[in-house]
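2 protein chains.
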Amino acid sequence: MLQNITVIGSGSWATALVKIFSEGGLLVNWLVRTQEQADHIRLNSKNPRYLCNAELDARFINPTPHIKDALTNAHVIVFAVPSAYLKASVEKIDKKMLADKKLVVSIKGFVPGTGYIPSVFLRHHLNKAEQVTVISGPCHAEEIALKRNTYVTIAGEDERRTTELANCMNLHYIKTTVSDDPIGIEFTAILKNIIAIANGIANGLNYGDNFQAVLTSNAMREVEIFLHEVYPGKRDLFDSAYFGDLLVTAYSDYSRNRTLGKLVGRGMQVHNSLHSMGMVAEGYNASKELEPLLKKMAITLPIINSTFRILHQHANAYHEFKLIEKNLR
Amino acid sequence: MLQNITVIGSGSWATALVKIFSEGGLLVNWLVRTQEQADHIRLNSKNPRYLCNAELDARFINPTPHIKDALTNAHVIVFAVPSAYLKASVEKIDKKMLADKKLVVSIKGFVPGTGYIPSVFLRHHLNKAEQVTVISGPCHAEEIALKRNTYVTIAGEDERRTTELANCMNLHYIKTTVSDDPIGIEFTAILKNIIAIANGIANGLNYGDNFQAVLTSNAMREVEIFLHEVYPGKRDLFDSAYFGDLLVTAYSDYSRNRTLGKLVGRGMQVHNSLHSMGMVAEGYNASKELEPLLKKMAITLPIINSTFRILHQHANAYHEFKLIEKNLR
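Going down the list, the sequences are from chains A and B.
According to the working numbering, the first sequence is numbered sequentially starting from 295.
According to the working numbering, the second sequence is numbered sequentially starting from 295.
One should not assume that every hint holds.
Treat identical chains as interchangeable: a pair holds within one or across any two.
[Claimed, not checked] Derived PhoX-like pairs: lysine-lysine, alpha-carbon spacing no greater than 25 Å straight-line:
id, residue 1, residue 2
1, 390, 589
2, 620, 528
3, 362, 395
Hints were generated in silico from the structure; no laboratory data involved.
Extracted from the complex, chain A is given alone in its bound form (with noise of 0.2 Å):
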């Protein structure tokens, strides 16, 4: 039975899965970056800077800036850094000390400069026979905090391994579901990113409620016709992790994503927009990633075409709603 885990990350999604999992009567040992925060947790029972309102029960949190010490006992390693640096957080861990690990991943977006989703960045880098299990879903780990009822999706494909990590995070206000669809997931959560940049644009030149409607539903179009081309096979969109997930992220103000459209849209650079928020915005470099994909595969998806030319070649967010506009329907 599982009784330890691992969550390697410490901002405000880590923090909010480190939250479940020790209410859900797991063990976890929490990698942090520097003693004086996993200092600062084990005092105060909140992480001092992201999610600092969610209380933890330090009684069953190891917080450590050690990989050694975060591994012990552990035999199931959740990776919830930004899938920016993923890439530097695995290389700092001896492959050896991950052999006899089963890996699950919680990140949004690709890893940059790679073109993987995490799941399977994961598997090649560390020579995984099995898949990588993900964790997804309509979360915005605020609400968590506030203990705000959420659904949590687990995808894998070993059926007994994504229920006993669901088990372990059953709490009154989180619902787990169980999928055979990680990759489709996680390309969901990428696009979704992009398709709340879009809306953010969209209130940021001043559209309304009509216009961010009909956008929504036609971007959702948009993640039909991608998943389709991607990765074949019987799925439910209308599971909370694929529109669940969209509309959470495209519709709430919580998001960074929305908000970094929002600048863009109101007429700041872009390049200042990123600089002025201060926190990553995962749909900047999703869109990056996802281009080169889109043109192999040779699709054509007007929302996220549009996104990508206004966030990265410098096109005019006007003209290119405009273009928009012409496609909706």
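Please arrange chain B on chain A, whose structure you already have, making use of the hints.
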């Protein structure tokens, strides 16, 4: 060529339609309730009571409280009254006067006590050989007053006619699409109002964004199941008239249905909530009319069923949402 049109109704949506048609180059006969209201519109270029911020061009609008005047010269008659008043509105008109007219309806909701959607009701009631055209889409009238970009769908069996009407509605802020699925579109408009109430209830019960996204995504599946049962056929639910319409209502704070749900979710009695709003929330009646249809079709739609029980059977919102929670995925 279409030159004259009659609009029946003087609420927000009718006012928005009058604005669109008159700016689109048509002469609009507008049936309003009183001579006073007609005079006010003629003098001030504004509807005194609804959508008062919408500038109208009185040169192209003939407001009148007399049905005979309103039907003069026009061969196309657009009904845009709340569904609760459609029956009474039609009964006031001598059937013979409508015999040679092409009918259009832009009403969201069942005609109370009939189980009919508006287009089918009009067709039966007036013994029309041809299908009634439907105007729908994700449209807050308030955003049309502000000339914010909006998508409108014209649905009917005769493509020549729907296209002609669509051409009269194309403005720089209005994009039109034609469709051959008026019935699927009218049913979607009914379901989305019920779903908007459900979203409002969730909000009132203090569920957060994570939950609302999952609720909405699962509700889309209920729409898909329902439409497939009630009127099978090829349709793309990502077109604006389906999920676009659902999203704008479910997520927007302009939505009366969402407002009703919020009040109920916060614990106000349903009849007090309705009373306090002073405006019709179409989803309330829609929920009641839909129930026997769902029973007859023997399909279970957990979100829509629970909303019915809360609105019409004194079921406790908190407990019904605990049931819904279990069925979401």
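Status of each hint after checking the structure:
With identical chains, the CA atoms of residue 390 and residue 589 are never at most 25 Å apart, being 37 Å at best within one copy and 61 Å at best between copies. Taking CA atoms no more than 25 Å apart as the test, residue 620 paired with residue 528 passes between copies only; the shortest distance there is 23 Å, against 31 Å inside one copy. In this assembly of identical chains, residue 362 and residue 395 lie within 25 Å of each other by CA distance solely inside one copy; the values are 13 Å within and 81 Å between copies.
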